[in-house]
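Take a look at the letters that make up each chain.
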Amino acid sequence: MFINVFKAQLKLGFRNKSNVFWTLMFPIILGTLFKITFGNIYSEYKSESIKTAVVFETDNEDVKSTTKAYLEGLEMDGHKMLDISYMDYDSAVALLKDDEQVNGIISVKDDGRLSLDINSNGVLSTIQETITTIYNQNVGLIEKVAAEHPENLPAVIQTISGRAEYINAHSLAGDNKDPFVSYFYNLLAMTALFAALNSVRIGNNCQANMSTLGARTNASPLSRMTFQAAGFFAAYIVQTAIIFVGLTYMLFGIKINFGGDIPLIYFTTALASFLGTALGFAIGNLGSFAIEKKESILVGITLTGCALSGLMYGDMKVIITEKAPIINKINPAAVISDSYYCLNMFGAGSRYFMTLMYMLILSAVLIALGLFMGRRNHYDSI
Amino acid sequence: MADTIVEVKNLVKRYKELIALDNFNMKIEKGEVFGLLGPNGSGKTTTINCILSLLNFDNGEIDVFGEKMTSSRYDLKKRIGIVMQDVAVFDELNVEENIDYFCGLYINDKNKRKQYVDEAIAFVGLEDFRKFKPKKLSGGLLRRLNIACGIAHKPELIILDEPTVAVDPQSRNKILEGITELNKKGATIIYTSHYMEEVEQICTHILIMDKGKNVTEGTAEELKRSIKNTENIIVYIKNLDDAHVKAINNINHVYDVSYMSGRLEIKCAGGRHNISHVIDYFANNNLDYDRIYSELPTLNDVFLEITGKNLRDKE
Amino acid sequence: MIVFKSFFKVLRNYKMSLIMYLVISLGVIYILSSFNTKGNATYYRVSQGIAVQDNDKSEISKGLIEYLSTINGIKNAADYTDDQITDMIYYTKLSNRLLIPAGFGEAYLNGADTAALKIESTKEAGARMGYSVETEIDSYLNLLSGYLAGGFNVEEAQKLTMEALADNSAVSVVADVKVEDDKIFTIFQMLPYGILTMLFSAVLPVILRFGSMLLKKRSDISSTPVLKRQISIALAAGVVSVFIVIALITLASVLSEEAFTGRWWLIVLNLVTLSLTVVMLVVAVSNLNMKPEVSAGFTNVVGLSFSFLGGIFVPIEYLGSGAKVIGQFLPTYWYSEAMTRIKTGGGFNDILNCLLIQLLFGVMVMGVGLVAGRCIEKRTA
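Residue numbers (this note's numbering), protein chains in the order written: chain A, 1 to 382; chain B, 1 to 315; chain C, 1 to 381.
By construction, these hints were calculated from the structure, which means they are not laboratory data. Every residue, glycine too, gets a C-beta built ideally from N, C-alpha and C. A portion of the hints provided could be inaccurate.
Unchecked claim - In the DSS-like style, the derived pairs of lysine-lysine whose C-alpha atoms are separated by at most 27 Å in a straight line are:
(1) B:78 <-> B:185
(2) A:7 <-> B:135
(3) A:293 <-> C:9
(4) C:324 <-> A:255
(5) C:5 <-> A:51
(6) B:154 <-> A:7
(7) A:293 <-> C:15
(8) B:154 <-> A:17
(9) B:133 <-> A:11
(10) C:324 <-> B:136
(11) A:323 <-> C:5
(12) A:17 <-> A:68
(13) C:183 <-> A:97
(14) C:291 <-> A:293
(15) B:136 <-> A:17
(16) B:131 <-> A:17
(17) C:5 <-> A:293
(18) B:136 <-> A:7
(19) B:131 <-> C:291
(20) C:291 <-> A:11
(21) A:17 <-> B:78
(22) B:135 <-> C:118
(23) C:343 <-> A:97
(24) A:293 <-> B:78
(25) C:291 <-> B:133
(26) A:7 <-> B:114
(27) C:291 <-> B:135
(28) B:16 <-> A:7
(29) A:7 <-> B:185
(30) A:11 <-> B:16
(31) A:17 <-> C:183
(32) A:17 <-> C:93
(33) A:7 <-> B:133
(34) C:118 <-> A:80
(35) C:183 <-> B:136
(36) A:11 <-> B:185
(37) C:93 <-> A:51
Stated by the list, open to error - So these bits of chain A aren't anywhere near chain B, every CB distance computed over 12 Å:
(38) 209
(39) 211
(40) 217
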């Protein structure tokens, strides 16, 4: 009996074209979109030199050559920090204002100091500012020492030229450190939860007071438990198949680096799909109202959850972590995306397995809730 | 009594203020085609849902196959087939798959099921539509599919809740013949309908309910005999004065006369030679009529007399 | 009139999704505006959070932390677990985690081989912010050692170093490019997501319901002329849209505690233009003979994609070059562009272009939609 219902539910799931279409469209359309939006940010962000206009407001050749050597010599991660073009001030201002052709203008003054013009605040401006001020500070240092302790000048110049490194730098662990990849985590979470449209149906199909089909099923000798279980596993397989197609597209079609072992990513996704099925199952058994309403509730929970875990605005999850961490624990979207995140950042270690456990626990709670709410099989009214 | 298939005793069901079933009693014997009649809202479907143990009820007892029916009596449910008032099939599955699915809720053996599904398809005459999705079927065919889904597992008790609503005469005949055939093969049938001719045609026992009560029951003949009306005389006559209509009403044994669009209907209670009295009246008053005939009351008359002519709210 | 009224009756069925999108967009906006407030200085350094663990506790290490705290938010690393710190670095809430080893200050003053005792800094490899903090530390310590070498005592040298470092007078923001970064911008920047999703979910399914084949046949044989019916539907859709837009503007103004100022009018004008465009888009889409069930998925895809590509969620400057090219074909992109111009002090003339492009998009899409709708109708007739 189980097998029979299971097979039929499987057919039902795969033949519900509009559900299959939309649950597939989300990862494909939005994945492609995210790829276009964020795909190159990180690599561009990492390797780009800052476009800087340098203007000489002095004829002092010594000053010119010293500053030139300093600015052109700055490096970061093996590439030049600044992408310098030399020009006069007016054309530099025009470029700065109009099309962001340059991010800032460094002017070299007569007294050997530098000044910086920028048009907006941001990381790039901060770096340019640091470069400018360090230079000016050293000029200031030399002036001060020359005025008060001229005898120590050689020692000071030696310190400046022998600029020491006080930092032992480490990088964060993690396979893909691109924070934008978390948008894809949230997208997968959304797909997993939206796929639950499949499992919402189970509850409605076996409750006599929700559908004629439910009444007919109730009148049959099939026990509620068997029907729920068969429906649940059928929906799970349908959903997992759909989301795997979406995931495969993201991994191999548009080549998103999720970080972590590919088999483990599929494994995580299979569990995410389980959580989605459980959510749909719980909502499907929620009460005796129309399936459309239940679907709206599912869409509401999914979108709200994804909004809170950073689908729309990446920093959202951090804000929630700081202000109301409990939400991240009960928000299924956050639980799912956290699991991918941990796999990427910490590898297949204890923290990752904790998140998997957490997905299972949340699923179990939802399933229990669904079973509890859908337990009765006779009704006060139909 | 081993031969009682369904017994309903003092069933009470309330929906808040509304009393849907009011100490309702019913007994269905093996081999009957049991007609359950009543106006909309009289409690037919509620009764069926209670028998199936889908609905909670406030008081009373229901025995099916001689045993107390509860929602977990799967052994009893297995012997029941239900054809719902609304078509309940999956849009995504074709005819064959739908029947197989519902049959599969009752029967596990795959080969046996295949045979049953084929028989059910043949039974309702959907051989040419095996692979059709429900959306492609016409109203009549859809109804037939709905029936096939309910009876494929060869139940001993078949409940048909208005199975012929919105069905063309051809499909209806097919369905009615099928029901009779099922009954001949040994199934006991509960049949609800608004179509009196259907009920009269196939039911061996009829129960009329109204406002949640068992008003009367018996065979069609018994019911007809039980009512005041024993004969209807129909006269087709043009331009009859109100005075004449009143006068006809005063003829012995006549208790109701209605005249509309040239058709005069005279209801009589008891008496003999009633039609002669009417013909005499027309002859004495020099009235010409086109046609006159007499007929026995139909189930429709029984129904209307018992439940009244007032319009009922939709269920 | 009956058509007009029944529009609202049908709309009642979709109130759930309307409320949902209202809650989501306002929720996101509210959380962001209350936790992400920035100052309004003409120039500020991007302030990083740094988690510091000071095992040294020397004069030098304290001075260094004091200096860093003038620019950055300092968090005590001991207050967090390692994983939490990793999370915060990943999500760019913290730029670095610093560990100052015991004995660092002494080694520094003695000019000993600093290779043995260095400050351990963990940062995300690709982020410039991490480098920026490391540069600050190196600059401070280098400059400090310069002053120490110049014969000043530790206290004096620290004071001089701080003064020198605090002086960023060399930096100026180009005169007529004044950047305002108030709440009102954060809030109205996110609003198009609400406009898109709410207009789509309030208007599209209802129009589709009216157009659904059976209902359409029944209405076609009724005595109300087609044109009159269409006008009634359009009018009702218009009323609903106006109501939604006004409601959103009101709520957003309350949240940003600003209304009827010069820039407020410009922002509202921008938003109204966008809304008009979105309504035209909805009209275009409603011509495509979709099933009403499809509209929920459609709303979601359009809402998210227009918002991402148009710089609603993520500033345009973060978008990849490909995304920018595509974004330029969307009204939301020009909405964001207009917002940027208003932010930098632009007036009506500066944003007029952006407004016209948005409207052009709407008119174009509506034209295409109407023609496509005609074709579909002919084919199915």
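Consistency of the hints with the structure:
no.: 1; hint: B:78 <-> B:185; in the structure: holds (18 Å)
no.: 2; hint: A:7 <-> B:135; in the structure: holds (21 Å)
no.: 3; hint: A:293 <-> C:9; in the structure: holds (17 Å)
no.: 4; hint: C:324 <-> A:255; in the structure: holds (20 Å)
no.: 5; hint: C:5 <-> A:51; in the structure: violated (59 Å)
no.: 6; hint: B:154 <-> A:7; in the structure: holds (22 Å)
no.: 7; hint: A:293 <-> C:15; in the structure: holds (11 Å)
no.: 8; hint: B:154 <-> A:17; in the structure: violated (34 Å)
no.: 9; hint: B:133 <-> A:11; in the structure: holds (13 Å)
no.: 10; hint: C:324 <-> B:136; in the structure: violated (48 Å)
no.: 11; hint: A:323 <-> C:5; in the structure: violated (45 Å)
no.: 12; hint: A:17 <-> A:68; in the structure: violated (65 Å)
no.: 13; hint: C:183 <-> A:97; in the structure: holds (24 Å)
no.: 14; hint: C:291 <-> A:293; in the structure: holds (17 Å)
no.: 15; hint: B:136 <-> A:17; in the structure: holds (16 Å)
no.: 16; hint: B:131 <-> A:17; in the structure: holds (18 Å)
no.: 17; hint: C:5 <-> A:293; in the structure: holds (23 Å)
no.: 18; hint: B:136 <-> A:7; in the structure: holds (23 Å)
no.: 19; hint: B:131 <-> C:291; in the structure: holds (25 Å)
no.: 20; hint: C:291 <-> A:11; in the structure: holds (23 Å)
no.: 21; hint: A:17 <-> B:78; in the structure: violated (33 Å)
no.: 22; hint: B:135 <-> C:118; in the structure: violated (76 Å)
no.: 23; hint: C:343 <-> A:97; in the structure: holds (14 Å)
no.: 24; hint: A:293 <-> B:78; in the structure: violated (33 Å)
no.: 25; hint: C:291 <-> B:133; in the structure: holds (19 Å)
no.: 26; hint: A:7 <-> B:114; in the structure: holds (15 Å)
no.: 27; hint: C:291 <-> B:135; in the structure: holds (16 Å)
no.: 28; hint: B:16 <-> A:7; in the structure: violated (41 Å)
no.: 29; hint: A:7 <-> B:185; in the structure: violated (32 Å)
no.: 30; hint: A:11 <-> B:16; in the structure: violated (41 Å)
no.: 31; hint: A:17 <-> C:183; in the structure: violated (44 Å)
no.: 32; hint: A:17 <-> C:93; in the structure: violated (43 Å)
no.: 33; hint: A:7 <-> B:133; in the structure: holds (17 Å)
no.: 34; hint: C:118 <-> A:80; in the structure: holds (25 Å)
no.: 35; hint: C:183 <-> B:136; in the structure: violated (58 Å)
no.: 36; hint: A:11 <-> B:185; in the structure: violated (34 Å)
no.: 37; hint: C:93 <-> A:51; in the structure: holds (26 Å)
no.: 38; hint: 209; in the structure: violated (8 Å)
no.: 39; hint: 211; in the structure: violated (7 Å)
no.: 40; hint: 217; in the structure: violated (7 Å)
Consistency with the previously given hints fails for numbers 5, 8, 10, 11, 12, 21, 22, 24, 28, 29, 30, 31, 32, 35, 36, 38, 39 and 40, ordered from lowest to highest.
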